[in-house]
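A.B. asks: Chain residues, written in single-letter form:
2 protein chains.
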Amino acid sequence: MRQVVPLKRYSPVIVALVLLLVVAAGSAQQAPTPVPRDTLFVPLPDGPQVFKTAEQRLRVVPLKGLSRPWALAFLPDGNMLITERPGRLRIVRNGVLDPLPISGMPQVLNLRLKGLHDIALHPRFAENKLVYFTYWKPKPGEKDVATAVLGRGRFDGGTALTDVRDLFVADAWTDGAAAARMVFGRDGKIYMVIGIPIRTRVGTAESAQNPDNHAGKVLRLNDDGSTPPDNPFAGRAGYRPELYALGIRNAIGLIIHPETGEIWETENGPQGGDEINVIKGGLNYGWPVISFGRAYSGDVTGDNSGPTSAQPSAPGMEQPFLFWAPSIAVSGMVFYTGDQFPAWKGNILVGGLRGTQLQRVVLNARGLPIRRESMLTELKQRIREVRQGPDGLLYLLTDEEAGALLRIEPVNSSE
Amino acid sequence: MRQVVPLKRYSPVIVALVLLLVVAAGSAQQAPTPVPRDTLFVPLPDGPQVFKTAEQRLRVVPLKGLSRPWALAFLPDGNMLITERPGRLRIVRNGVLDPLPISGMPQVLNLRLKGLHDIALHPRFAENKLVYFTYWKPKPGEKDVATAVLGRGRFDGGTALTDVRDLFVADAWTDGAAAARMVFGRDGKIYMVIGIPIRTRVGTAESAQNPDNHAGKVLRLNDDGSTPPDNPFAGRAGYRPELYALGIRNAIGLIIHPETGEIWETENGPQGGDEINVIKGGLNYGWPVISFGRAYSGDVTGDNSGPTSAQPSAPGMEQPFLFWAPSIAVSGMVFYTGDQFPAWKGNILVGGLRGTQLQRVVLNARGLPIRRESMLTELKQRIREVRQGPDGLLYLLTDEEAGALLRIEPVNSSE
Chain A
1 MRQVVPLKRY
11 SPVIVALVLL
21 LVVAAGSAQQ
31 APTPVPRDTL
41 FVPLPDGPQV
51 FKTAEQRLRV
61 VPLKGLSRPW
71 ALAFLPDGNM
81 LITERPGRLR
91 IVRNGVLDPL
101 PISGMPQVLN
111 LRLKGLHDIA
121 LHPRFAENKL
131 VYFTYWKPKP
141 GEKDVATAVL
151 GRGRFDGGTA
161 LTDVRDLFVA
171 DAWTDGAAAA
181 RMVFGRDGKI
191 YMVIGIPIRT
201 RVGTAESAQN
211 PDNHAGKVLR
221 LNDDGSTPPD
231 NPFAGRAGYR
241 PELYALGIRN
251 AIGLIIHPET
261 GEIWETENGP
271 QGGDEINVIK
281 GGLNYGWPVI
291 SFGRAYSGDV
301 TGDNSGPTSA
311 QPSAPGMEQP
321 FLFWAPSIAV
331 SGMVFYTGDQ
341 FPAWKGNILV
351 GGLRGTQLQR
361 VVLNARGLPI
371 RRESMLTELK
381 QRIREVRQGP
391 DGLLYLLTDE
401 EAGALLRIEP
411 VNSSE
Chain B
1 MRQVVPLKRY
11 SPVIVALVLL
21 LVVAAGSAQQ
31 APTPVPRDTL
41 FVPLPDGPQV
51 FKTAEQRLRV
61 VPLKGLSRPW
71 ALAFLPDGNM
81 LITERPGRLR
91 IVRNGVLDPL
101 PISGMPQVLN
111 LRLKGLHDIA
121 LHPRFAENKL
131 VYFTYWKPKP
141 GEKDVATAVL
151 GRGRFDGGTA
161 LTDVRDLFVA
171 DAWTDGAAAA
181 RMVFGRDGKI
191 YMVIGIPIRT
201 RVGTAESAQN
211 PDNHAGKVLR
221 LNDDGSTPPD
231 NPFAGRAGYR
241 PELYALGIRN
251 AIGLIIHPET
261 GEIWETENGP
271 QGGDEINVIK
281 GGLNYGWPVI
291 SFGRAYSGDV
301 TGDNSGPTSA
311 QPSAPGMEQP
321 FLFWAPSIAV
331 SGMVFYTGDQ
341 FPAWKGNILV
351 GGLRGTQLQR
361 VVLNARGLPI
371 RRESMLTELK
381 QRIREVRQGP
391 DGLLYLLTDE
401 EAGALLRIEP
411 VNSSE
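So the protein lines, in turn, are chains A and B. When the count follows our numbering, it moves up by one through the first sequence with no breaks and lands on 415 for the last residue. When the count follows our numbering, it moves up by one through the second sequence with no breaks and lands on 415 for the last residue.
Since the hints were derived computationally from the structure, they do not count as laboratory data. Computed from a predicted model, the values in this text were never measured in an experiment. Incorrect hints may have been included.
When the alpha-carbon atoms are kept at most 27 Å apart in a straight line, the in silico DSS-like pairs for lysine-lysine are as follows [said to hold, decoys possible]:
#: 1; chain 1: B; residue 1: Lys52; chain 2: A; residue 2: Lys345
#: 2; chain 1: B; residue 1: Lys380; chain 2: A; residue 2: Lys52
#: 3; chain 1: A; residue 1: Lys64; chain 2: B; residue 2: Lys52
#: 4; chain 1: A; residue 1: Lys380; chain 2: B; residue 2: Lys137
Required output: the full structure, derived from the provided sequences and hints.
C.D. replies: Given below as structure tokens:
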């Protein structure tokens, strides 16, 4: 496609990106993969900005200095651990980003959206100081193949993660673009979701329906990485015992519903077919057999450019709670439960990567979606993660080389 | 929903709206219906603005002074006829909006989105000066019921439409929100589409499947309003002879494909299920039996708040070319064929009302959709109509009380 905007307008940005590329290549031994985008990259201003939305004015306060931040976890002291996809673990102490990454992280394959992904504290972190994370482990002897791993280390608040080990190495090898997330359930078990890419040499979308691997699945693990004996497919021939649910595309959000304790997942479709699913043990969520999406080739029926929605539903396969067409590339999500945005209480707030927005889904008293609002589109930033802080404010991460943590505050009428 | 934005910030807008309400009520005997919106009304600046998009910088040049403009037609001399929903026909002469409406228009029911709608020139306008329009004719003795009418008059370039008459009065009476559009086909016939609302007292969504009325149908008429004998359902018992296609929801765009001559239609779904359809004679487009939308109540299966997508497909019912979920309320559309935006050639450009945007749908060499881009979201204006001018520029109408014609120009790299 033709680029008619004059390059000279973006030269400072290009210089900054080139510098970042050099730095990232030097530190992680791989150059970051360019992410295809449909909107121009617009640099984020250094200072706060105020935006109007349907029911609330918002102040966006950026904390810059992150590169491809992916996930964040709030520490009990209010500090934050933030992963960067190239493999670094960062910390924000008293609102200031420590320029020094936390040491001790394993080597990751930072390629085609793979890299260092999720981070979460053990439910008893205050006692055991255990930090969990997901990452893509390179395959020895291959330059672009990796699998998803659940890792763990101990963090005492200093500058190093210690006692770092792989708790679970999945059988989900791929050279494609895939994500891996994890969350602790109310039952104390770890739920880990591993996405499955399309158009790959190693690992195909069809793996999501094959119960003899971990790609395109939700897994259920003990907090030491072992397999609980009461998993839904335990003992079934041909099924990996870790499986909890099948038929997942590229899952980018995974949370626990604050009231019901259910596992809610967001996943990206191709052209259309982004979904929010309520994950129940033993069920099949249909990818790539069913989807509301369309192949990247434009075809509705399958062709050799990747799986597609020949049909939106099929017997024995679950329908999403909600879907998007076209895709906004839904990412992290929360159910808002705080007091800072009273009009948003009980709403879903979900990020959009390609759709460069924070989307609000209004639910009625029966928990059914009745309205959606696209917010912060003015920023033109790929929103990777959405979290509610202990202060009731929202915290977003932007999926950009010049990435940022965004604190979202209400602007009250008196201001 | 709570409105936390301070009202005092919007008092000038509120004053202007109140004034407009008073003026409109006085001139058309009905107060305009407030349109529910999910974004705040943001006044359009008086001067041009420049926006970046993925492949093209755009200059938006507003021409203000219109109220709820609905459709426009280019006259051979480059002037423009513009309908306003309250019932006025306006003219732009040499780029200037004549403050005096064109006289001679019939009385319309301007209520719940009904009113004066489409406008088109006869293919031989240069000879016969015939102008066609669609409007909602009030039912005598009822305060809120109307039906769709195809009207015609003669326009010699002056200040009056003469010889105005109803060519075809549909049997599509309703008190709900509905649209009516028309276009001349390559065969010289008039294709007229009449939408069907939901949650109404008179006229229900189920009418769209009943072949014995004109609501929720595409009709095919001669240029004098009579019925062509070769219509697809001609002579079939229980079918109105004007019917061309069935199962239409609220159609807001209707155009002829510039290469194939096919009839392309846009229609609004409820929560999700906005569609672009390629209309073929004799076919059923499924509303309200099938849809990708969801009832306003949030339910997926039907309830008493209106029809919904119990299923996205069914035998004997056509699938859309493209659909949206959530709805942006797709409106007017064009296939871009001009030289002013070379990167957009062959793309679909479609308006969004609720979605306050101009959306670009990129098609591949086989005519299949491969990408969508939301543009002009910064304006926060409900886009009602999209037309390509004889100059290759784009012309949009904003569906606002303080509405405008927007001329969209490319901004070249040297500027």
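A.B. asks: Can you list which hints this structure breaks, lowest number first?
C.D. replies: Hint check: 1 and 4 fail, others pass.
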